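Novice: Please work from the sequences and hints to get the whole structure.
Listed below are the residues making up each chain.
2 protein chains.
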Amino acid sequence: MALLANRFSSALRTTGRSYPALSKLPAAGQRSFSASSRWQLHTKEMNDEILASLKVNQSRLMEDIHYTCQWGMGKKWGARSTETGMSRLALSDADKEARDWFMRTTEALGCNTTVDAMGNIFAVRPGIRSDKPPTFVGSHLDTQPTGGRYDGILGVTAGVELLKVLADNWVETEYPVGVVNWTNEEGARFPLSMVSSGVWAGSIPLETAHNLREIHPGTATMASELARIGYLGKTPASYESMPMGAHFELHIEQGPLLEMANKKVGIVQGVQAYKWFTITVKGRDTHTGTTDLKSRADALLTASKMILHSHRLATTNSALASTGILNLKPGSTNTVPGEVTFSLDIRAPKDSTVQRMAAQIKSDFPKIAAGQDVMNCNENCITGLPCEVSITEDFDSPATTFHPDCIAAVHQAAHSALGSNSHNLIMDMVSGAGHDSVYTSKRCPTSMIFVPCREGISHNPAEFCKDEDCALGAQVLLQSVLRFDRMRDERRVTWKQEPYTL
Amino acid sequence: MALLANRFSSALRTTGRSYPALSKLPAAGQRSFSASSRWQLHTKEMNDEILASLKVNQSRLMEDIHYTCQWGMGKKWGARSTETGMSRLALSDADKEARDWFMRTTEALGCNTTVDAMGNIFAVRPGIRSDKPPTFVGSHLDTQPTGGRYDGILGVTAGVELLKVLADNWVETEYPVGVVNWTNEEGARFPLSMVSSGVWAGSIPLETAHNLREIHPGTATMASELARIGYLGKTPASYESMPMGAHFELHIEQGPLLEMANKKVGIVQGVQAYKWFTITVKGRDTHTGTTDLKSRADALLTASKMILHSHRLATTNSALASTGILNLKPGSTNTVPGEVTFSLDIRAPKDSTVQRMAAQIKSDFPKIAAGQDVMNCNENCITGLPCEVSITEDFDSPATTFHPDCIAAVHQAAHSALGSNSHNLIMDMVSGAGHDSVYTSKRCPTSMIFVPCREGISHNPAEFCKDEDCALGAQVLLQSVLRFDRMRDERRVTWKQEPYTL
Numbered sequence: 001m002a003l004l005a006n007r008f009s010s011a012l013r014t015t016g017r018s019y020p021a022l023s024k025l026p027a028a029g030q031r032s033f034s035a036s037s038r039w040q041l042h043t044k045e046m047n048d049e050i051l052a053s054l055k056v057n058q059s060r061l062m063e064d065i066h067y068t069c070q071w072g073m074g075k076k077w078g079a080r081s082t083e084t085g086m087s088r089l090a091l092s093d094a095d096k097e098a099r100d101w102f103m104r105t106t107e108a109l110g111c112n113t114t115v116d117a118m119g120n121i122f123a124v125r126p127g128i129r130s131d132k133p134p135t136f137v138g139s140h141l142d143t144q145p146t147g148g149r150y151d152g153i154l155g156v157t158a159g160v161e162l163l164k165v166l167a168d169n170w171v172e173t174e175y176p177v178g179v180v181n182w183t184n185e186e187g188a189r190f191p192l193s194m195v196s197s198g199v200w201a202g203s204i205p206l207e208t209a210h211n212l213r214e215i216h217p218g219t220a221t222m223a224s225e226l227a228r229i230g231y232l233g234k235t236p237a238s239y240e241s242m243p244m245g246a247h248f249e250l251h252i253e254q255g256p257l258l259e260m261a262n263k264k265v266g267i268v269q270g271v272q273a274y275k276w277f278t279i280t281v282k283g284r285d286t287h288t289g290t291t292d293l294k295s296r297a298d299a300l301l302t303a304s305k306m307i308l309h310s311h312r313l314a315t316t317n318s319a320l321a322s323t324g325i326l327n328l329k330p331g332s333t334n335t336v337p338g339e340v341t342f343s344l345d346i347r348a349p350k351d352s353t354v355q356r357m358a359a360q361i362k363s364d365f366p367k368i369a370a371g372q373d374v375m376n377c378n379e380n381c382i383t384g385l386p387c388e389v390s391i392t393e394d395f396d397s398p399a400t401t402f403h404p405d406c407i408a409a410v411h412q413a414a415h416s417a418l419g420s421n422s423h424n425l426i427m428d429m430v431s432g433a434g435h436d437s438v439y440t441s442k443r444c445p446t447s448m449i450f451v452p453c454r455e456g457i458s459h460n461p462a463e464f465c466k467d468e469d470c471a472l473g474a475q476v477l478l479q480s481v482l483r484f485d486r487m488r489d490e491r492r493v494t495w496k497q498e499p500y501t502l
Numbered sequence: 001m002a003l004l005a006n007r008f009s010s011a012l013r014t015t016g017r018s019y020p021a022l023s024k025l026p027a028a029g030q031r032s033f034s035a036s037s038r039w040q041l042h043t044k045e046m047n048d049e050i051l052a053s054l055k056v057n058q059s060r061l062m063e064d065i066h067y068t069c070q071w072g073m074g075k076k077w078g079a080r081s082t083e084t085g086m087s088r089l090a091l092s093d094a095d096k097e098a099r100d101w102f103m104r105t106t107e108a109l110g111c112n113t114t115v116d117a118m119g120n121i122f123a124v125r126p127g128i129r130s131d132k133p134p135t136f137v138g139s140h141l142d143t144q145p146t147g148g149r150y151d152g153i154l155g156v157t158a159g160v161e162l163l164k165v166l167a168d169n170w171v172e173t174e175y176p177v178g179v180v181n182w183t184n185e186e187g188a189r190f191p192l193s194m195v196s197s198g199v200w201a202g203s204i205p206l207e208t209a210h211n212l213r214e215i216h217p218g219t220a221t222m223a224s225e226l227a228r229i230g231y232l233g234k235t236p237a238s239y240e241s242m243p244m245g246a247h248f249e250l251h252i253e254q255g256p257l258l259e260m261a262n263k264k265v266g267i268v269q270g271v272q273a274y275k276w277f278t279i280t281v282k283g284r285d286t287h288t289g290t291t292d293l294k295s296r297a298d299a300l301l302t303a304s305k306m307i308l309h310s311h312r313l314a315t316t317n318s319a320l321a322s323t324g325i326l327n328l329k330p331g332s333t334n335t336v337p338g339e340v341t342f343s344l345d346i347r348a349p350k351d352s353t354v355q356r357m358a359a360q361i362k363s364d365f366p367k368i369a370a371g372q373d374v375m376n377c378n379e380n381c382i383t384g385l386p387c388e389v390s391i392t393e394d395f396d397s398p399a400t401t402f403h404p405d406c407i408a409a410v411h412q413a414a415h416s417a418l419g420s421n422s423h424n425l426i427m428d429m430v431s432g433a434g435h436d437s438v439y440t441s442k443r444c445p446t447s448m449i450f451v452p453c454r455e456g457i458s459h460n461p462a463e464f465c466k467d468e469d470c471a472l473g474a475q476v477l478l479q480s481v482l483r484f485d486r487m488r489d490e491r492r493v494t495w496k497q498e499p500y501t502l
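Residue numbers (full-length UniProt numbering), protein chains in the order written: chain A, 1 to 502; chain B, 1 to 502.
Be aware that a few hints might be false.
Since copy identity is lost for identical chains, a pair holds within one copy or between any two.
Claimed, not checked - Cut-off 25 angstroms, straight-line C-alpha distance, at most; resulting in silico cross-link-like pairs (DSS-like, lysine-lysine):
{"#": "1", "residue 1": "K282", "residue 2": "K75"}
{"#": "2", "residue 1": "K282", "residue 2": "K329"}
{"#": "3", "residue 1": "K466", "residue 2": "K294"}
{"#": "4", "residue 1": "K75", "residue 2": "K329"}
{"#": "5", "residue 1": "K350", "residue 2": "K75"}
{"#": "6", "residue 1": "K76", "residue 2": "K282"}
{"#": "7", "residue 1": "K294", "residue 2": "K350"}
{"#": "8", "residue 1": "K44", "residue 2": "K55"}
{"#": "9", "residue 1": "K44", "residue 2": "K76"}
{"#": "10", "residue 1": "K263", "residue 2": "K294"}
{"#": "11", "residue 1": "K350", "residue 2": "K282"}
{"#": "12", "residue 1": "K164", "residue 2": "K263"}
{"#": "13", "residue 1": "K294", "residue 2": "K367"}
Bear in mind the hints are in silico, worked out from the structure with no lab data behind them.
Note that the coordinates shown come from a computational prediction; the quantities given were computed from them, not determined experimentally.
Specialist: Laid out in structure tokens, this is it:
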């Protein structure tokens, strides 16, 4: 504050308004104020230079990241205490600890917290126009079973750091600013990704979400676990009960493109389209030693051809195809498997590409099961007895295009944060992964900020983002929110809470 | 007995010898004998006609099969009460019940029972030369987790039926006749097939076998389960403690060859060679949406290529290759698997073929893991990052050749049982599956009898062998044992208890 007061005295003003929420702020050692009169720095009175001087505290951010990673610590990959992965499944005891920290910390920073019926936690710091929907930043604190310390966690802790910077500098925003922790984004424990932002957006029925059963051991549901850890809130999980003025999400890229191109910030234009399928191949259990190749209906050999074929289709379509789960029955070395079930995840930037691939799969897999030669999959093979295949589409996420105003705010923020060489360090890109921002974008202006992670590795204990890249991302996030706040005021735009077309 | 006394009076004789074991026989309603003097029919005094007139009782055999299948009943596949599969894992409570039945029944038929340190149960009916090793028939009462009612069970119950026929007809054999139930033949619960005949033969150390850990849930060992169900016998599990004069095994073919060729009896010349491997492919867990195909080390795509390649090698080598188990990590729809482990079972009639295939696999799999194109596996694929592969040979079973004298006895028995058209109904064949006879053949003359099973299906609840085929097999088994008993006497051959070369 002392620094700001010196450098930007023109921006300082006395205000007689009372901010009950801000009065909860812990007394910063070097400052004291009377109860009735405070120095407040208003976003709409800041020029670009003042805005840019508001900076996140890198070491404090990293401390928050690693401090919260004590809950659900995973596999060690390096010598340092912070070099472990994470295994913080949604609504586990570890997740509860992280949530409690988030509630405690944001409340201490002057936020009002709300927990909705999906356990989503909204921490809102008041602004001048507190009747308007807050500008939110958000991500998730849950992880994959063998995840890392950055996926989701960076976005939430950067939001907390943003609140700390605003508090430290007594910044008063025109609109409220919120940080949201979305529940079960990963879909790793309860098998539906981004389910809670999906309910908020009205895209997934609450009942469907509440009834989701955990994958292992399969007894608890989302509703029972929300109740168990005390996060089954009374507020309806809905964009109507908790409207958002915007949603910004900082995230590691989870891919290698930024690193390979030597870029620092990805300005995310949207999210690629994807579909998830469950494929079941039924053949016949038979003895491996006594059944000649012609007399087999080998469900695993057939599934192997399908997995290879899906990769070939992805190659020819410039798309992605992946199988992450495969189970077979009965599971004995000397029994040819009679049943194989596997997941198939196909993605491409354009909806039309995903639709074309889905059609090819629906056409080709039954042919492969029947023993036909598709793209030479039967070369040097003996055709056995036919298998049956069933294909179920579990999830369809059309391509998402983010909001131009949010993208513009992130652009400005990135240039501000990166300085003179910024043009060489910024990359416009499309997200390969789904994020909660996919659902928020249906109900409010949304965009995302990517920072590079080592070798593009994610969903892996060794997932790693450099401290300076975490801080840079948080800085861009902070600047985006402040610039968007100013933009909202300048334009007096009220974005509709209905799905909009760009 | 009345029938026999009329038709073959020349074969009947009075004996003053006392057979304590036979005195345990339940009094057959229509017969009574003084304690000191009995009619006994001696095998060496029977001509071919008399021998052939000794017949198994088909309905009694089927009753034993289905009665014992009450313990460990599996999946229903048909409308009748007997149309279910079996799930009787070795040393389970259900297996204990079946074992108790076997002990009870064979003892009631005048046998002395011995349980060895592997829980193998030897039921021996005395003969005239009770100082000599018995002629055994044997198989196993354990099943696959999704097995059927005939694999193993037919061989043991046919042995019991054989004892009943001998008892009913007061047949006295020259050499003792035994029935053996081998423990954990399937290797489905404790992952080593034919482990207990292997210990008996001196091929597998007792300690290795005792320490085998069950696959699910993985806490019990063979030793702990043997003790728990009361079948940890004091007799050493060894061919030295329990020598065998011969070992005959009746089994369903578990393949389609007999049925396809319209044959009724397979005279098994030996068992094909096989090797079991565990293959581990290590790649890298990465996000399915954000990792382009070039940047992936996809362990499952690589494993799929290997499984397909092993099938192609089997095709070109006229051999078999099968994968029955596959596990992957971490197992999430949107994570490319970083680790896949799968089993590989390769088989061929000749050792040299199996060795050639093993060498090709050891040479080709690392190339496939490294991203090289082997037999066009990379056609239309994008080469990703290299994976690592490790190949462990778990089990090696060289080709087995059965004993010509045993094979000759089975030939005679089959011709006798099948009558005038026998030449059209018999097939010399090699077993595709391993059996306990592989190990017994290392220590005593051995051969096997196959009967057809429907569509060759085995290791499947719907495994099915017609009643008349079960009975025909049991009849050939009975005749083989009796003919071999006569052969032993005629030749006064004492087969060595050491491994022999044919």
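Novice: Now look at each hint and say whether the structure bears it out.
Specialist: Here is how each hint holds up against the structure:
no.	hint	in the structure
1	K282 x K75	between (36 angstroms within a copy, 16 angstroms between copies)
2	K282 x K329	both (10 angstroms within a copy, 23 angstroms between copies)
3	K466 x K294	between (55 angstroms within a copy, 24 angstroms between copies)
4	K75 x K329	between (30 angstroms within a copy, 14 angstroms between copies)
5	K350 x K75	neither (36 angstroms within a copy, 46 angstroms between copies)
6	K76 x K282	between (39 angstroms within a copy, 18 angstroms between copies)
7	K294 x K350	between (41 angstroms within a copy, 20 angstroms between copies)
8	K44 x K55	within (17 angstroms within a copy, 104 angstroms between copies)
9	K44 x K76	neither (46 angstroms within a copy, 74 angstroms between copies)
10	K263 x K294	between (54 angstroms within a copy, 19 angstroms between copies)
11	K350 x K282	neither (32 angstroms within a copy, 32 angstroms between copies)
12	K164 x K263	neither (28 angstroms within a copy, 84 angstroms between copies)
13	K294 x K367	within (17 angstroms within a copy, 28 angstroms between copies)
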